[in-house]
Structure formats: structure tokens, C-alpha cells
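For chain Y, the structure is supplied; the task is to place chains G, F, P, C and S on it using the hints.
Residue numbers (the working numbering), protein chains in the order written: chain Y, 573 to 707; chain G, 573 to 707; chain F, 573 to 707; chain P, 573 to 707; chain C, 573 to 707; chain S, 573 to 707.
Careful, some of the hints might be misleading.
As the list makes no split between identical chains, a pair holds if one copy fits it or if it spans any two.
Taking lysine-lysine pairs in the DSS-like style, the calculated list, with each CA pair at most 25 Å apart, reads [what the hints assert, rightly or not]:
id, residue 1, residue 2
1, K650, K574
2, K650, K585
3, K574, K596
4, K596, K629
5, K574, K629
6, K690, K588
7, K588, K574
8, K585, K596
9, K650, K690
10, K588, K650
11, K574, K690
Keep in mind that the hints were calculated from the coordinates and are not lab data.
Residue-level listing of the chains:
Number of protein chains: 6
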Amino acid sequence: MKNSERYQRGLDKLAKIDGEQGQKVIDSLADIAPDFAQYLIEFPFGDIYSRPGLDLKSREIAVVAALTALGNAAPQLKVHIHGALNVGCTEQEIVEVIMQMAVYAGFPAALNGLFAAKEVFAERGKVSNRGDGSL
Amino acid sequence: MKNSERYQRGLDKLAKIDGEQGQKVIDSLADIAPDFAQYLIEFPFGDIYSRPGLDLKSREIAVVAALTALGNAAPQLKVHIHGALNVGCTEQEIVEVIMQMAVYAGFPAALNGLFAAKEVFAERGKVSNRGDGSL
Amino acid sequence: MKNSERYQRGLDKLAKIDGEQGQKVIDSLADIAPDFAQYLIEFPFGDIYSRPGLDLKSREIAVVAALTALGNAAPQLKVHIHGALNVGCTEQEIVEVIMQMAVYAGFPAALNGLFAAKEVFAERGKVSNRGDGSL
Amino acid sequence: MKNSERYQRGLDKLAKIDGEQGQKVIDSLADIAPDFAQYLIEFPFGDIYSRPGLDLKSREIAVVAALTALGNAAPQLKVHIHGALNVGCTEQEIVEVIMQMAVYAGFPAALNGLFAAKEVFAERGKVSNRGDGSL
Amino acid sequence: MKNSERYQRGLDKLAKIDGEQGQKVIDSLADIAPDFAQYLIEFPFGDIYSRPGLDLKSREIAVVAALTALGNAAPQLKVHIHGALNVGCTEQEIVEVIMQMAVYAGFPAALNGLFAAKEVFAERGKVSNRGDGSL
Amino acid sequence: MKNSERYQRGLDKLAKIDGEQGQKVIDSLADIAPDFAQYLIEFPFGDIYSRPGLDLKSREIAVVAALTALGNAAPQLKVHIHGALNVGCTEQEIVEVIMQMAVYAGFPAALNGLFAAKEVFAERGKVSNRGDGSL
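So here's chain Y without its partners, still in its complex pose (with noise of 0.2 Å):
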């Protein structure tokens, strides 16, 4: 199943939207559940993603804005903050898709949504070497 078309339509999606970061999730699984990570591959990203009807732009803020008002799977929004940024999202963007939570979610989960991007936004801020100390 490893050489579908559909196995490899989502290993590219994976890497085009989660990068360095969707590996290392797929890693992790290696040795508790190795077909999970395979799931993980063809379903969400060999399927869902590779759709046509909706931009990756779009599909990302829906995932952002879904997993800030859950609130209760901080890794995966980070993972996804991560993803929206490598779909063209500006950080902006992001923060706005975030404070809108609150007023579906609480102002909690919103918090806990910024905090969560700024961390993001600064591991990428060393990651990319602004070199200037800003975020």
C-alpha cells in the first residue's frame, strides 16, 4: 500500500503543508503504531487534502480555528500554525483567525491560541534568522 498513488499524493501534501514538522509526528509513530502513520498519510492528506473546491490557504485556518476552540490538542495546532504559515498565511492572519476564536470558544481558548502562535512564530523567527530580535 506504501507505493499507492494515494500513499504518495499524501506523503507530498504532508510535506508541502506540515514540512520538517509533519515527519517527526510520522516518526514518533514508528515504533507504538506504524499503520496509524500510515493512515495519518492517505486519509487527512492522500484524501482530504489533495481535494480540489478549497484552497490549502483555506483548509489551514479551518484547522487552525478548529483545534484553538477544541483546545484540547495544543501539539497538532502548533504542527498546523506551522502549516498555515507554509501555505501562505501571514502571521497576521493566523493571530486573527485565533482572537476570532473567542467569541466561539471563550477567551481561554483563544489564549491559549496566541500563546501557542507566538511560540511558533518564534521557534520560526530562530529557525529563519531574522537576525533582528523581532516577535
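Just chains G, F, P, C and S now, kept in the frame of chain Y:
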């Protein structure tokens, strides 16, 4: 306070996004918590939806995603599926957003979101206008 | 066990807090899970509600807040709005508790809580008795 | 894809577990999101339920527990109470699973689960066949 | 806007309820979403907490209950356990509120709430006992 | 009350299911809410887990499923993964239960459940001194 610029801005935004659905919510608060109707106009619509930095279509995608994922606010999900259509989302885009939630909140949440969308699309006559009575 | 002091204490407390609403819940369990009716009387009412250290009014404020915030137990929220009124909360206090949940669980949760309160207040005849349409 | 072994395996599993309830869900998706019906057959039923390593009865116990605890997917809970009975759970076992959720998700979640079970048992005629019309 | 009466009223209320914990939250938003800090002061504290009709102690009981039940906002729960103590709740009353949540949201939610309370009580015990101003 | 048959039955059941993990929870309540430790022993373990009608292995499958799906009680999920292993579940069965939750509560909930299982399996590997470094 109801004459404030903020209240008026919220009222305009509410009308633009939620149309008559929004007004119904406001009206239904009149005899139980009229102040809450004012807050609803002022903070979500006067403050948050009125911010630059994210277009209304993306804001409604975020809200449809979050309410689908939370799964405990069916009336508000329907209002915001209307809202998403009002600000320019296509039916297909809304269906894609909701389907994506299967990955992040499970198939039951996505199914219930799709059935809400089906009701809203029917209410708006889009489906029944197809002339085949298939809904 | 149904003759135990703990069971009797729970039954008294249930009657005092939830009145006929509580008895209806107990009755509705008779043919599906009668033991669960017993646990419901013994643990929540015989143990928890019977503790000193927090007055019944504050306990009901806590319960109305939690059920509004969780948003997935509408029948129980209505029972406890009745309960809050039964132990001395005013309608205004209940409305304030529910409105406060907009901050902590979002506006949809608060809206659905307010509509539940509106139904309960109407059931109790407060609204229809006033004769002037105001709450 | 609908001719794939995976799709066919999913369809067989869906029929075995959910019976006509499952088919109704599939049918209801036909005019809103037919692709989602396909995913529902392929991933949950073709992939997950078809795995060795855990018997179907245990899988349905897990699902009834989770949906009772989440408390925001009443239609799917009812489908899976049917499913649990279809794959060999007794009514008593289902009642025990739901009662256990009082400990992990609270009494309201368990109560609403028990009332869902009561409806399902009645639909299947088990209770009404007792001949005393007591439900 | 920061000079408005509403903002000032919110700032005063925030200081009274959350003390230095609240200021820390405001400060931590400065470089990610300063507007959100303003909304947090204005809507929850300037509008909601400033309303008559429910005393501050009851409002904090409601918030501690809701955040314990939701179980997905540990930092905010700790801030509001501080807040409850700041506006006159006793440690015993807070423990009773949290224990009550075992009934409505399950034992795990109550346990995690009790452990949060234990941390807060210890932090305050250290502060007030040490006399050296260190936390 | 601590000498009651119910308390003793609960204590025995707790020891059988949760082993030293359960005792740690009880101990950690001693200085914050000792009565809650008693309730925890009496109601969940003395009443619910002690009921006939569902074997302990199925009860733990239900609990691992529910806590994975809820996603907001990581410490308790780990205790019950231990518990499931203690009453006869295999590591594979637990992994299957958690993977199944991807369908009902989303991939993030399942991923976080799998990582919790990975930690528990490693802890037990260390404790039982397998000496081969295998998971």
C-alpha cells in the same frame, strides 16, 4: 451606548454577515437578556468582524470549522453556514470545510455538520431550485 | 441500600433542589437502569450536595455555569435552572451566570443557555403571569 | 475507487455492524457530499474496523463509550448502540458501558446515553416484546 | 480607546479580581496581539464583571466551575482560583465547587481541578508565609 | 465510613485495576480533599467497577476510549492504560482502541492517545526490567 459608532458598526456587520438570521437572534434575546444582544452586536461584530487583517470569507470559514468541530451549537452553526454563503463562500467550499473536520474532530462531527449544511442549502432554495426535488 | 441514611438524605436533597423535575429523571430510569437512579440519588445528592462548606445556592450557580459551558447536556441544564430557582437564585442571577459563560465558553454556549433559561422561566409561569410581556 | 477491495471490505463491514442504520447514513449523504460517504465506507469501515487485533464487540464498546462521553453526537450514538447489539453485545453490557461514563464524563452524559439506549432498545422491539408495554 | 471609561473600569476590575496574575496575561499579549489584551480588559472585565445583579464571589464560583468542567484551560483555571480567593472565597469553598464538578463533568475533570487548586494554595501559602515577596 | 464494606470493596478494586498508580492519586488528595479520595474509592470503584454484567477488561477498554476521545485528561488516560494492561488487555488491543478514536474524535485525539500509550509501555518496560531495550 446603542448610539455609539461601535454599536452601529456591529449592527451593519451583523446585517451583512448573518442577514435576517442574525436579527432573529437579537430579537429572541429581547425579553430575556437585552444587554446580551447589545454585547453580541458590539464585541463579535463591532470589534472582531470589523477588524482588518482577515477577509470576511476567511472569518466565516474559521467559524464554520470551529462550530462543526465543537459539535454542541447546532443553531449557531446553521446561522454561520448562512453567513458563509452571504459573504461569498460557495456551497462546495462549505462542504469541503466541514468534511475536513472529520480529520480533526471525528466523523460524527463532520456528519452532523454536513446535515446542517444540507438543511441550510435547502432553506435557501439552492437545492430545491435544481428542479429535481432530490433533497 | 434504599433504606440507608445516605439514600434517604439524597432523596430529600433531590426533592428540595430539583423538585418534580428530579423525580421525573428518577422515574425515567426505572425500566432501563434502576441502579443508576439509586447511584444518582446517593452520590450526587446524598454525598456531594449534602456536604457543608458551600451553600446550595452557590452549588447551583456552579452547576448552571458548568452545564452552560459544556453545552452538551440541554435537559440537565434546564433541570438545574429550575434547581437554582428552587434554592433561592433570582432569574436575574441565573441570567448573569449564563451571560458570564460567553467569556469562558463562547457566545454560542451562552446563547443556548439563555434560551434554555427563557424556556424554564416561561414554564414556571413567571413570564406569562406578568401579563406585560416583559421579563 | 468504489470497485476497490478496500471499498468493498468497508461496505461489508458497515452492513455487518450498522445494518440498515449505516445504509441510511450513506443514503443521506448522496445529495450533499457523496465523496464523504465513500470516505466513511473506506477509512472507518474498510481500514479501521477491518483490522485484526481487537474484536468487533470490543470496538463497539469503545465507540459507545466515547460517543456517550463526548455527548455531542446523539444520532451516531444511537447508530452505534444498534451496532453494538448487532455484533453481540447484550443490552445489559451496553447499559454498563454507559453507566461507567458517569465516572469519566459526568452524570448528564451518562443519563443522555441511557435515554438513547432506551430509545434504541424500544425501536428494536426488545422492550416492547416483553409484553408489558412498560417503556 | 484605552482612555475610555469602559477600558479603565475593566482595568480596575481586572486588578481587583486577578491581581498580578491578570497583569501577567496582559503583558504576555503585548508582542503577539496587543489588541486582544484591550478586548480582554474591555469586554470580560469592563462589561461583564462590572455588571450589577451578581456578586463577584458568585461570578468566580461560576468561572472556576466552568473551567474545571471544560478541562482544557489549565492556566486560566489557576488564574481564576487565585481570583476566587481574591474576591472572598475560602479555600474550602473552592474545593467544594471543584468536587461538585465530578458529578457534572466526571472524576478526571474534578481531580485535575483539585490539583490546580493545590498548586495555587501552595503558591499563595509560600508568598504570604515567606514574607520576602518571592513567589 | 472507611470501614464500610463498600469502601473496602472499592479499595480492593482500585488496587487490582490501577495498582500503585491508583494509590498515588489517593495519596495526592490527602492534603487538599481527603473526602474526595474516599468518594473516588467508593463510587467509581466500590459501586461501578464492582458491578457484574461487564468484565473489567471491557470496562477499561471503554475508559481508555472515552479519555482518548475527550482529550482533556492526560494523567487519567495514562493511569487507565496501565489499568487496561493490569486487567488483561494486550498492548496491541490498547493501540487498536486508541486508533479507533481517530474516527470518532479526530486524528489529534488519537495521536495524543498513542503517545500516552507509548509512554506507559516504556514505563512498564523499564519497571519490569526487560533488559532488552525493546518497547
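Which of the listed hints are not met by the structure? Hints 1 and 5 contradicted; others consistent.
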